[in-house]
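K.L.:
Note that the protein sequences, when read in sequence, are chains A and B. Following our numbering, the numbering of the first sequence begins with 1 at its first residue and continues without gaps. Following our numbering, the numbering of the second sequence begins with 1 at its first residue and continues without gaps.
Don't take each hint at face value.
Since the list can't tell identical chains apart, any single copy or any two copies may satisfy a pair.
Claimed, not checked - Calculated pairs, DSSO-like style, for lysine-lysine (alpha carbon to alpha carbon, straight line, at most 27 Å): (1) LYS120 x LYS199; (2) LYS58 x LYS98; (3) LYS223 x LYS98; (4) LYS146 x LYS251; (5) LYS97 x LYS225; (6) LYS169 x LYS23; (7) LYS169 x LYS225; (8) LYS99 x LYS169; (9) LYS249 x LYS101; (10) LYS223 x LYS101; (11) LYS83 x LYS148; (12) LYS23 x LYS148; (13) LYS23 x LYS146; (14) LYS69 x LYS58; (15) LYS169 x LYS98; (16) LYS223 x LYS120; (17) LYS83 x LYS251; (18) LYS249 x LYS69; (19) LYS98 x LYS199; (20) LYS97 x LYS169; (21) LYS223 x LYS251; (22) LYS101 x LYS199; (23) LYS169 x LYS95; (24) LYS148 x LYS69; (25) LYS223 x LYS169; (26) LYS148 x LYS120.
Hints are computed from structural coordinates only; laboratory data are not their basis.
Number of protein chains: 2
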Amino acid sequence: MRHVGVLIIGGGPAGISAAIWCKRLGIDCLLLEEQPQLGGQLFNIFNEIIDYPGMRTKNGIEMQREMVKHFVEMDCLHEVNTKVLFIDERSKTVKVKKKAKEQEICYTYLILATGSSQRKLGVPGEQQMIDRGEVYSASADGERLKGKTVAIIGGGDRAFEGAHLLSSKAREVYLIHRSTRFKAREQYVERVISNPCIKVMTDTEVTAIHGDRHITSIDLESKNKEYKNLLVDAVLIRLGVAPNVDLIKGKVATAQNGLIVTDDVHQSSNPFIYAIGDACTTPLFSSISFSAGQGTIVAKHISSLLTES
Amino acid sequence: MRHVGVLIIGGGPAGISAAIWCKRLGIDCLLLEEQPQLGGQLFNIFNEIIDYPGMRTKNGIEMQREMVKHFVEMDCLHEVNTKVLFIDERSKTVKVKKKAKEQEICYTYLILATGSSQRKLGVPGEQQMIDRGEVYSASADGERLKGKTVAIIGGGDRAFEGAHLLSSKAREVYLIHRSTRFKAREQYVERVISNPCIKVMTDTEVTAIHGDRHITSIDLESKNKEYKNLLVDAVLIRLGVAPNVDLIKGKVATAQNGLIVTDDVHQSSNPFIYAIGDACTTPLFSSISFSAGQGTIVAKHISSLLTES
């Protein structure tokens with residue numbers, strides 16, 4: 001059976017950073033990525049990245065290229081198109097599948113860098129909108145959305161914060177939520193409700209997103225079966241994100257929000273398993289630079305343990 | 001009196017990152033740097049930087065240029081040649097001096113990014129050696145030191161770890177320490193002492209470093225007044241680093257090693273004062289990427305507090 005000192009699951013910024021640092025510190029390491037390319041959530045960033053210190057890129061793809069270039073130049077071992085089927089934390093083995101072939105890999109330390117996924121509406125037109133790059137950040141895209149009609153979908157902090165931020169830029173802001181109860185903190189809700197520029201629609205679901213080259217309208221359905229077509233220029237889906245932790249559920253401690261619980265060196269409740277990036281980071285603090293920093297710390301900590309032994 | 005939302009003291013990678021992120025999040029921010037240029041400890045990195053994910057530079061100066069370029073492009077406010085004389089945490093005011101002019105600046109939140117300083121020997125030839133760029137990393141410069149005679153000065157973990165790492169590369173390794181007691185952990189000491197390739201010299205001080213274009217030898221003086229000249233090709237000074245915390249001593253909690261104690265969002269014991277970078281990070285985990293990540297977190301945390309209020 002193949003054995004590696006450090007096995008990293010997930011090839012986003014956190015995993016890439018951990019691999020680069022393992023290489024830097026002389027630790028035998030392998031990174032597994034389910035997708036055909038490394039990069040993870042970088043593929044979902046369509047706006048300019050201005051907040052990775054020292055390096056600005058025009059979008060996530062360009063950042064992905066630079067990170068992967070670095071990774072490849074460092075000769076970091078990795079396998080793409082490789083899905084982890086099962087983690088056996090007792091024998092410290094993972095079962096992986098690449099194409100039709102299954103294989104077992106044994107590790108000394110495991111690093112979970114599995115990221116998180118945006119929850120989607122699952123309605124017609126949504127994926128096309130994303131594929132067209134009509135994905136906005138309320139904090140960074142105020143100028144792009146100036147004078148536009150914007151619909152924000154969701155009932156949590158990010159939805160309400162986004163509505164608040166955009167209310168001073170956009171022409172009209174709709175906050176649309178399928179229930180009348182909000183997860184967002186009270187002061188966020190109050191601020192939005194008292195803002196005359198924001199129209200809050202509760203008990204309302206989005207059933208379709210229309211537009212060929214760009215969004216033109218959305219279909220709405222209310223709880224009491226009223227149907228409506230709303231003309232909008234942009235839709236921000238803020239249904240929250242969920243950490244990708246299915247593989248490790250019940251094997252390490254997770255918090256109520258699903259995040260893997262780690263200590264300050266990113267060790268989980270199992271001392272041979274670490275977690276970095278969005279699998280253990282609250283969405284509020286999610287960022288490329290913080291993920292990269294976590295990759296550094298984990299590799300340095302494992303290196304110190306390997307040196308001790 | 002001038003007032004800023006966030007005042008950052010120190011313009012190394014941590015401070016630069018915090019400033020970029022404050023700007024990104026729309027927080028009114030000012031960074032103060034005592035030196036004529038931003039960059040902090042980047043000026044002390046003479047080898048290639050291969051461990052800042054996505055970006056490789058041939059040395060610290062090149063990294064400094066990229067970080068400062070980013071900082072300037074983002075229009076981050078800063079003042080160089082500006083020494084902070086005093087922090088009054090009660091009135092949330094700092095007194096600063098630029099050239100002969102003193103000024104007071106009032107802050108809502110203060111970020112200490114004051115870094116750390118390498119302890120030096122303070123002997124003739126030392127500064128010239130550093131200025132020539134004869135500064136090595138035991139973990140990264142194995143190839144550069146292959147076949148050379150190397151002296152490592154110090155009695156802590158990094159000295160012993162360096163000696164161990166280089167013993168398989170260098171022709172000869174001397175570990176020189178002024179006492180017979182070592183701060184390094186026992187297993188490190190045992191491993192070095194039992195290594196026939198490493199010569200440990202205790203109760204011995206380095207009194208001079210010789211060489212015009214590169215190091216040729218060092219002068220040694222033992223406790224019982226024996227003098228010796230030792231031919232060496234490289235000297236690694238590993239006397240440890242000390243966080244730069246004089247300004248804040250007694251005003252926030254510090255650990256026994258001098259580091260500012262912070263929580264997971266880098267808030268110190270004073271909720272209006274944060275610390276990031278080497279002022280609060282153990283040398284083992286010190287790195288550009290971790291410092292940059294800390295700058296991110298602090299700005300994001302402060303942003304969330306400002307949004308709440």
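K.L.:
Of the numbered hints stated earlier in the document, which are not met by this structure?
P.N.:
2, 3, 4, 5, 7, 8, 10, 11, 15, 18, 19, 20, 21, 22, 23, 24, 25
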